[in-house]
Amino acid sequence: MSNTSFAVPRHISRRGFLASSAAFGTAMALPPAAFAQQEGQLLLWLPGGSELFCKIHTGLLEGFSAGASLGPATTVCGLGQDTEFTQSLIGAITAGNPPDISMLWDSPVSLGAQGAFMPLDDMMKGSKIPLDTWPAGLLSSCQFKGVTYGLPITAGVYSMWYNQEMFEARGMASDRASFPKTWAEMRKMSKEFTVWEGDKLISAGFMPNRVPETMAIWSALNGGMMFDEANLKYQIDSEQNIEMMTFFLEWLDEEYKGDFNLVDRSGNFLDGYPNSTTGMGPAFREGRQAGMQSGSWLLGDIFADPVPSFERWNLAANPIGPSGSTSVSGTWPNWFVIPVGSKNPQAAFDYLSYLAIEGSVEWYQQIPDVPTNSQVQRKAPAGLVEKRGQEVADDITAFLGEQAAVVTPMWNSPVQSFYTDQIARAVEKIYTKASPVKDALSEAQAATQAELERVLAG
Amino acid sequence: MSKQRKATPRARLAMLTYHALMLAISAIFLLPFYWMTISAFKTNAEIFSDPVTWLPDPIRWENVTSLLTRDDFPFVQQFLNSVFYAGTVALLVCLSCSLAAYSFGCLRWRGRNLVFGLTICALLMPTIVTFLPVYLAWSKIGLTGSYWPLITPFLFGDAFFIFMLRQFFMGVPRELLDAARLDGASEFRIWWQIVMPQLRTPLIIVGLFATVYTWNEFFMPLIYLQDREAFPLSVGLFTFQSQRAVEWSVSMMGAFLTALPMIVLFLFTQRLFQRGLSSTGLK
Amino acid sequence: MPITAPIAPQAAPLLPRRNRKAQRAEARAGLFFALPWIIGMTIFVALPLIVTFYIAQTKFQIVGAPKWVGLQNYEALLRDPAFWKSAQNTLIFAAISVPLKLIIALGLALLLNRATALLGFYRTVFYLPFLMPAVAGSVVFMLLLTPNAGPVNIALEAMGLNPPDWLLDPKAALWTLILLSLWPLGVETLVFLGGLQNIPKDVSEAADLDSPKRWHKLVWITLPLITPMVLFNLVIGIIYSFQVFTQAIVIGGTTGTPAESTLMYMVVLYRAAFRYFNMGLAAAMATVLFVVVLILTLLIFKTARSWVHYEGGET
Numbered sequence: 009m010s011n012t013s014f015a016v017p018r019h020i021s022r023r024g025f026l027a028s029s030a031a032f033g034t035a036m037a038l039p040p041a042a043f044a045q046q047e048g049q050l051l052l053w054l055p056g057g058s059e060l061f062c063k064i065h066t067g068l069l070e071g072f073s074a075g076a077s078l079g080p081a082t083t084v085c086g087l088g089q090d091t092e093f094t095q096s097l098i099g100a101i102t103a104g105n106p107p108d109i110s111m112l113w114d115s116p117v118s119l120g121a122q123g124a125f126m127p128l129d130d131m132m133k134g135s136k137i138p139l140d141t142w143p144a145g146l147l148s149s150c151q152f153k154g155v156t157y158g159l160p161i162t163a164g165v166y167s168m169w170y171n172q173e174m175f176e177a178r179g180m181a182s183d184r185a186s187f188p189k190t191w192a193e194m195r196k197m198s199k200e201f202t203v204w205e206g207d208k209l210i211s212a213g214f215m216p217n218r219v220p221e222t223m224a225i226w227s228a229l230n231g232g233m234m235f236d237e238a239n240l241k242y243q244i245d246s247e248q249n250i251e252m253m254t255f256f257l258e259w260l261d262e263e264y265k266g267d268f269n270l271v272d273r274s275g276n277f278l279d280g281y282p283n284s285t286t287g288m289g290p291a292f293r294e295g296r297q298a299g300m301q302s303g304s305w306l307l308g309d310i311f312a313d314p315v316p317s318f319e320r321w322n323l324a325a326n327p328i329g330p331s332g333s334t335s336v337s338g339t340w341p342n343w344f345v346i347p348v349g350s351k352n353p354q355a356a357f358d359y360l361s362y363l364a365i366e367g368s369v370e371w372y373q374q375i376p377d378v379p380t381n382s383q384v385q386r387k388a389p390a391g392l393v394e395k396r397g398q399e400v401a402d403d404i405t406a407f408l409g410e411q412a413a414v415v416t417p418m419w420n421s422p423v424q425s426f427y428t429d430q431i432a433r434a435v436e437k438i439y440t441k442a443s444p445v446k447d448a449l450s451e452a453q454a455a456t457q458a459e460l461e462r463v464l465a466g
Numbered sequence: 002m003s004k005q006r007k008a009t010p011r012a013r014l015a016m017l018t019y020h021a022l023m024l025a026i027s028a029i030f031l032l033p034f035y036w037m038t039i040s041a042f043k044t045n046a047e048i049f050s051d052p053v054t055w056l057p058d059p060i061r062w063e064n065v066t067s068l069l070t071r072d073d074f075p076f077v078q079q080f081l082n083s084v085f086y087a088g089t090v091a092l093l094v095c096l097s098c099s100l101a102a103y104s105f106g107c108l109r110w111r112g113r114n115l116v117f118g119l120t121i122c123a124l125l126m127p128t129i130v131t132f133l134p135v136y137l138a139w140s141k142i143g144l145t146g147s148y149w150p151l152i153t154p155f156l157f158g159d160a161f162f163i164f165m166l167r168q169f170f171m172g173v174p175r176e177l178l179d180a181a182r183l184d185g186a187s188e189f190r191i192w193w194q195i196v197m198p199q200l201r202t203p204l205i206i207v208g209l210f211a212t213v214y215t216w217n218e219f220f221m222p223l224i225y226l227q228d229r230e231a232f233p234l235s236v237g238l239f240t241f242q243s244q245r246a247v248e249w250s251v252s253m254m255g256a257f258l259t260a261l262p263m264i265v266l267f268l269f270t271q272r273l274f275q276r277g278l279s280s281t282g283l284k
Numbered sequence: 032m033p034i035t036a037p038i039a040p041q042a043a044p045l046l047p048r049r050n051r052k053a054q055r056a057e058a059r060a061g062l063f064f065a066l067p068w069i070i071g072m073t074i075f076v077a078l079p080l081i082v083t084f085y086i087a088q089t090k091f092q093i094v095g096a097p098k099w100v101g102l103q104n105y106e107a108l109l110r111d112p113a114f115w116k117s118a119q120n121t122l123i124f125a126a127i128s129v130p131l132k133l134i135i136a137l138g139l140a141l142l143l144n145r146a147t148a149l150l151g152f153y154r155t156v157f158y159l160p161f162l163m164p165a166v167a168g169s170v171v172f173m174l175l176l177t178p179n180a181g182p183v184n185i186a187l188e189a190m191g192l193n194p195p196d197w198l199l200d201p202k203a204a205l206w207t208l209i210l211l212s213l214w215p216l217g218v219e220t221l222v223f224l225g226g227l228q229n230i231p232k233d234v235s236e237a238a239d240l241d242s243p244k245r246w247h248k249l250v251w252i253t254l255p256l257i258t259p260m261v262l263f264n265l266v267i268g269i270i271y272s273f274q275v276f277t278q279a280i281v282i283g284g285t286t287g288t289p290a291e292s293t294l295m296y297m298v299v300l301y302r303a304a305f306r307y308f309n310m311g312l313a314a315a316m317a318t319v320l321f322v323v324v325l326i327l328t329l330l331i332f333k334t335a336r337s338w339v340h341y342e343g344g345e346t
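Protein chains in written order, with the working numbering: chain A, 9 to 466; chain B, 2 to 284; chain C, 32 to 346.
Treat each hint with caution, since some may be false.
Claimed, not checked - Away from chain B, derived, C-beta distances all over 12 Å, residues of chain C:
hint, residue
1, Lys98
2, Gln103
3, Arg110
4, Ile123
5, Leu249
6, Thr288
Claimed, not checked - No more than 30 Å apart at the CA atoms, straight line, and that leaves these computed lysine-lysine pairs for DSS-like:
hint, chain 1, residue 1, chain 2, residue 2
7, C, Lys248, A, Lys437
8, C, Lys202, A, Lys265
9, A, Lys437, A, Lys196
Unchecked claim - Simulated restraints on C-beta separations:
hint, chain 1, residue 1, chain 2, residue 2, range
10, C, Gly138, A, Lys446, 48 to 54 Å
11, B, Arg61, C, Ala126, 42 to 48 Å
12, C, Asn144, B, Leu177, 47 to 53 Å
13, B, Ala12, C, Val250, 22 to 28 Å
14, A, Ser331, B, Ile142, 35 to 41 Å
15, C, Leu254, B, Trp193, 39 to 45 Å
16, C, Thr73, B, Gly185, 29 to 35 Å
17, C, Leu249, B, Lys141, 51 to 57 Å
18, C, Gln54, B, Trp193, 18 to 24 Å
These are computed hints drawn from the structure, not numbers from a lab. Keep in mind that this is a model prediction, so the values were computed, not measured. Note that beta-carbon positions come from the ideal geometry of N, C-alpha and C, so glycine has one too.
For reference, chain A alone in the conformation it holds in the complex:
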């Protein structure tokens, strides 16, 4: 049957074929890279790419370029946000055609230590933003062996969020000062809120942490650390960390039937956002969860769909573990780097100075990523003022500012992603009881330390 048409020679319109080939050929001859960077014009790359986010940054960069009499600037958004963004950036750097400035949602240390980003220390000396204007714990997220590879211009600050109305309904004090100060207090209080109906979790108090990125905060709250940068030693299986995971595991067993799967089937108790795979609404906003740890970015999204079923919620400091002594905070910064190969490094650095002090104020107004430089005069986000009133908004802004000053170092490893994946694996093994706490942590420790030494060697 496949030979039937061969008998009748028919002509393809060869002229048409050639013509269309030629047309495509011309299209291919277009300039290879649409956004080649040029001298005197800034080119900025952003990960993620929600409409508002892009608009703010495009506006800030254009305003700055006009003021500094630079040529028209370009902002590129929507390249993805995780590995795919990093990958594009590496491609552009290897090609010698990187943007002048890039925002990162991953620590700049790994790639900085490989020589992908410009060290900023010399430019910072004598500038408007010298080293000592940055909170040390935060700046360490960009530093390795004393070299600064980027700036944490703004940061999502982690703290405890709680539903004041749920507290009051059970006759508990709902002011910030009365919030539990220790894990033990929090765990005890949590039980008051937790209601099971068979295997369905109707409402809950607080949950043991299972976010790999923030495990370093909980470790510090228990007086430990995950990575000892000074000595280049991971401490994943330290006594404090074993104690921490054991505490969490006992908590899970006692209050949540030892099974996060049951919790996840009952609703989204993980964070304040709709679950991206199941579409389940956040239990916190539904009024089914008394509190959780969250980054400050939720300030900008909490009033959006699904609207919280209650009006009054507040933020409080992270409680302290059994072996801990002081409360610390943690952040997920918006890092900015100047890739090696930038054609306008000085103008790029000037933009970072502008962004750190003036630009971040406007940014915080619209998307509540907290400005981190100590010289910034923060103004409460407009949306928050509108919904909660000036007083509450100012109070929250001041609180976040204090928290940003006491962050624990958590993004300072040259093998950050490897470490995060190892923690994720260990935590999952512990909570599913596939492996005892100590074994899981020791395994992660050995693998991560080996990877660190491999990367650092020669």
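Let chain A serve as the given structure and place chains B and C on it in line with the hints.
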């Protein structure tokens, strides 16, 4: 034949059972596509409503316009990019692969079997094995961020399509070529003026396959392109979906509209797809 | 070799001179026409393959220059639990998904081959999953299979069944991934259907008269005639199932949640390269994959001589 006609009631029953079975199987295969389509015409809340709704009510036509007018998902631009990408690859594949297929299928030369054997090896090789050096080389010459790395390889040919076309070229009668040679026609002329026009249908088949494969190609454009305005739809859809606050109905509408052109194409050309795949029995 | 082209008998030395000249011209033309592809294969396949073997023996962090480390990357691989876990997952995936896919595709093709009405409709429906964008496909499946609230589980519970947690349960997740891989089998089905339709009418009708038993006919007449298609589907299926990536990373992320049950070989390779910037290790993994696929396909081709039936009687 007459025997069958006598058994009409039984045959009819068999026919009914057959179609009932086929429709049941079809339902299973249609389910994901159906769910994607109805989700595209619902609001976010309706997608996750409890109890499940199997028909969008009302049908949210405004999802179409809201998709087409967004700043953070330049659908029309990305659609055009996909057309350009798939179209160029299809054209190049038809040209370059037919050269090699003519050589393998119609001409006799020493080393032919060796080269064709290597072609099969190339076909069997996982892309990732050769990917890293190629990626680094494109980076070094500064062409990442453009369509060059995605299109240039097809200028030389593609193992799978060469293999597919060769099966058709082998069917061209040898006498036809010899007659042309006796008339003094050059091999190039024979290829271009005699063989190519005869193989019009196979060429269209290969072009169709190349179009569908390229339309859905995801990994390569994701890695090489660095600008939302330059993405084809397959990648644009992914980066849109991976944002923090997921807008389900919009991304489902995006997926629906991405798949639609290929489905229409398949509907009208399925006989050709069938013929292309009938030729692939490994010999 | 089963993959070589049939060669017409040649008797070059005995042919008259004019013919020999024509032969030389044809040989030149053959090389000339194949030249672009030979160049392309060299640039885009052969050279990169050599470079990959080189990178596999270096420490190379993507930025900066590669540094020779000999076999260290291979040693690191052997010690890496993620390598073994992902290899195990991928082998299970391939070993179950490929045969199942072939059997189902063959079943569908046999059914399609009987269709008189609605053939076009059924064919389109079976091909449809293949035309869906891979990312969207995985996302839709995640929606459908949501425990408790997803439509599939609601339907199954209504039927009085006790459905699994699909992608949430570490014991079920890999099987769910296998199940999902069975959807896009339009290509395999069409390949088989093509084979079935090419079976000469007299052969199948003769079989109808000889033995009324359908199974007998299927096993002894039909199957042998479409073994070339089985070979094609088998080889392509194995290659693609070893490279399963998009579904796995959309569903399990870079750590193969839950509990590494969806951690696939390509995901580990990809994360080594672009998340850990460990190009040397990634290249080592790529070479291992290459060697395994090569050995497997050679084995299949070798055994194929004994079970693949070619028209014209030669084996």
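Query raised in the report: Okay, Leu249 (chain C) versus Lys141 (chain B) on CB: inside 51 to 57 Å?
Result: holds, 56 Å
Query raised in the report: Given the hinted pair Lys437 (chain A) and Lys196 (chain A), is their alpha-carbon gap at most 30 Å?
Result: At roughly 25 Å apart (the allowed maximum being 30 Å), Lys196 (chain A) and Lys437 (chain A) satisfy the hint.
Report task. Taking the shortest Cβ-to-Cβ distance between Lys98 (chain C) and chain B, state whether it exceeds 12 Å. Result -> holds, 15 Å
Query raised in the report: For the pair Ser331 (chain A) and Ile142 (chain B), does the Cβ-Cβ distance stay inside 35 to 41 Å?
Result: Since Ser331 (chain A) and Ile142 (chain B) have Cβ atoms about 56 Å apart, the given range 35 to 41 Å is violated.
Requested in this report: Taking the shortest Cβ-to-Cβ distance between Gln103 (chain C) and chain B, state whether it exceeds 12 Å.
Outcome: holds, 18 Å
Requested in this report: Return holds or violated for the Cβ distance of Thr73 (chain C) and Gly185 (chain B) against the range 29 to 35 Å.
Outcome: holds, 34 Å
Report task. For the range 48 to 54 Å, tell me whether the beta carbons of Gly138 (chain C) and Lys446 (chain A) fit it or not. Result -> holds, 51 Å
Query raised in the report: At the C-beta level, are Ala12 (chain B) and Val250 (chain C) separated by a distance inside 22 to 28 Å?
Result: holds, 25 Å
Report task. Could you tell me whether the CB distance from Gln54 (chain C) to Trp193 (chain B) stays inside 18 to 24 Å? Result -> The hinted range 18 to 24 Å holds for Gln54 (chain C) and Trp193 (chain B), with Cβ atoms some 22 Å apart.
**Report entry** 12 Å cut-off, C-beta based - Ile123 (chain C) kept clear of every residue in chain B
**Finding:** holds, 18 Å
Requested in this report: Using the beta carbons of Arg61 (chain B) and Ala126 (chain C), state whether their distance is inside 42 to 48 Å or not.
Outcome: Holds - the Cβ-Cβ distance for Arg61 (chain B) and Ala126 (chain C), about 44 Å, lies within 42 to 48 Å.
Query raised in the report: Going straight from one Cα to the other, do Lys202 (chain C) and Lys265 (chain A) come out at no more than 30 Å?
Result: holds, 19 Å
This entry does not satisfy hints 7, 12, 14, going by the numbered hints stated previously.
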